[in-house]
Amino acid sequence: MAELLQYLITGISVGMVYALIALGFALIWKSSSVANLALGQIVLISSWFTYAMLAQAQFPVWLAFPLVILFALGLGWTIERFALRPLIAQPILALITVTLGIGYFIEGVVTFIWPWSVDALPRLFPREVAHIGPAVISQEYIWVVGICLVVFALLTLFFRHHKMGIAMRATADDQMAVQACGIPVTTVFSRSWMFSCVVAAIGGILIASIGGITHGLVQTGLKAFSVVILGGLDSFLGAVVAGPIIGLCESLGGGYLTPYLWAGVKDIIPFVIIIIVMVIKPYGLFGEVRIERI
Amino acid sequence: MLKLNNIEVTYLNVIRVLHGVSLSVDDGAIVTLLGANGAGKSTTLKAISGLLHIEEGEVTDGSIMWNDDRIDRKSAEEIGKLGIIQALEGRRVFGHLTAEENLMVGAYQRHDGHAVKQDVEMVYHYFPRLKDLRRNTAGYLSGGEQQMLVIGRAMMAAPKLMMLDEPSLGLAPLLVEEIYDIINRFNMEQKTSVLLVEQNVRIALSIAHYGYVMENGRIVLDGSADFLRNNEDVKEFYMGLSAMGAKKSYREVKHYKRRKRWL
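As you go down the protein sequences, you meet chains A and B in turn.
Per this note's numbering, the very first residue in the first sequence carries number 684; after that it's consecutive.
Per this note's numbering, the very first residue in the second sequence carries number 752; after that it's consecutive.
With the rest of the complex left out, here is chain A (with noise of 0.2 Å):
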């Protein structure tokens, strides 16, 4: 029983960061079609961006995770500004494989700059652990699925009521109308970029925070993906369910079905449970079907 309740909470929490994680892709995906392959390393730069700060600036917390999120929008915006505007009317794919190198830029950078490649964050959580009926987990899940709750609050409120937000979806829907309304889209993909960052950068200090910082991280990123198309690829909705999934899979499996089969099943139970779900629902589960009207 207290296994089973620390496999549900350390499954649900890592949920939430794939699901944070997720939402960056979502955002991108949204406002401008684009798939950005380049997620995994964003999480990787940012959480070793986040050690500099702490561990090797010495830093203290509330001066290190602003300038954190600052890099992030920072890092969003320069990618958006050069490597993406030039290439504005393209074909879409032409924007996705550009993603992609500049995925393995940042992981070229990342080796450079850290070459020992495995580290640990500095705690950012109590130490104490933390006692919920009979079972005894660390702290830190806790923190990250209030942080996480927060962070989509937040994103939700912006999407529901900012300025910003309505235009991001209204640009997701229809481009050339958005413009006949006087907004210009390449405000719209800057900031939309900017923010999967900043989302992506949380997602990598919480998900370091509990297993250090590795080049499995980027990984984390692919996590995500499957987030996403479980989900449905422009639904935050879909992101946030979707999440928790994904993580009580793995850890429910990994806990309960290594002894008996083989060690990693927990990393390929995600996509057999997506490979059903897509020829059920191909829009994933809460996907936004085009809505048309004949």
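In short, the hints are calculated from the structure, not lab data.
For clarity, every value in this text was computed on a predicted model and none was experimentally measured.
Please note that the accuracy of each hint is not assured.
[What the hints assert, rightly or not] Computed cross-link-like contacts, DSS-like style, restricted to lysine-lysine with a CA-CA straight-line distance of at most 30 Å:
no., chain 1, residue 1, chain 2, residue 2
1, B, Lys986, A, Lys846
2, B, Lys825, B, Lys882
3, A, Lys949, B, Lys911
4, B, Lys832, B, Lys986
5, B, Lys825, A, Lys949
6, A, Lys964, B, Lys911
7, B, Lys832, B, Lys882
8, B, Lys911, B, Lys825
9, A, Lys964, A, Lys949
10, B, Lys882, A, Lys846
11, A, Lys846, B, Lys868
Using the hints provided, position chain B relative to the given structure of chain A.
Same frame as chain A, now just chain B:
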């Protein structure tokens, strides 16, 4: 006042679609631009609103003046800021947004929050039906409601010149009349100039003060609405009436019998 001086528009540097179009829209006037498919009406509007740049088109000759500003090199965003707003052809609402969010997108460039709120009410005043539908997803509205929403969205920008591209397209005659009534009222009450592109000549001339007829990228005829309504050629070729004013009998029609006098 908007003034087009002999503009030429070329797409992709090779395809010339406008061959010297001149027209002007006085402040507070409703001016209509008539013509068949492919005459260059929409291109003219896009040249004014700056959307041409997005489609790789360019004004290669002549100039477009807004009051004393030359605007044919400006981006859609800058032109929107000057108060020239185009409602695109074909009811392009933002399908996944609610009706009210659609209106808010129209007011994106404005920073006077209070006046924007009032203008939302103003749009609901002109289109009472939209008020009941404000929380509905725009993609599921009926064709007429979507057209109202698109016009309402253009109104939300507090435009000085509103350009409407075929607002009657694909709508039932009664609905077309309703929408035209509202455009007319909006023009009279808000003093907004309207440049109207239409194929439905009869309804367009019913509210317009002045009209231009386009064919093959040229203006072939222009005049006051009365003049155009009574012009034999317009009657014959755009309203389907014979010289007698009666409905044309297609049994007796002989195409070579009458040639357009402007050709």
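Hints and how they fare:
{"no.": "1", "hint": "B:Lys986 to A:Lys846", "verdict": "47 Å, violated"}
{"no.": "2", "hint": "B:Lys825 to B:Lys882", "verdict": "35 Å, violated"}
{"no.": "3", "hint": "A:Lys949 to B:Lys911", "verdict": "62 Å, violated"}
{"no.": "4", "hint": "B:Lys832 to B:Lys986", "verdict": "39 Å, violated"}
{"no.": "5", "hint": "B:Lys825 to A:Lys949", "verdict": "56 Å, violated"}
{"no.": "6", "hint": "A:Lys964 to B:Lys911", "verdict": "47 Å, violated"}
{"no.": "7", "hint": "B:Lys832 to B:Lys882", "verdict": "27 Å, holds"}
{"no.": "8", "hint": "B:Lys911 to B:Lys825", "verdict": "17 Å, holds"}
{"no.": "9", "hint": "A:Lys964 to A:Lys949", "verdict": "23 Å, holds"}
{"no.": "10", "hint": "B:Lys882 to A:Lys846", "verdict": "20 Å, holds"}
{"no.": "11", "hint": "A:Lys846 to B:Lys868", "verdict": "13 Å, holds"}
The structure shown violates the earlier hints numbered 1, 2, 3, 4, 5 and 6.
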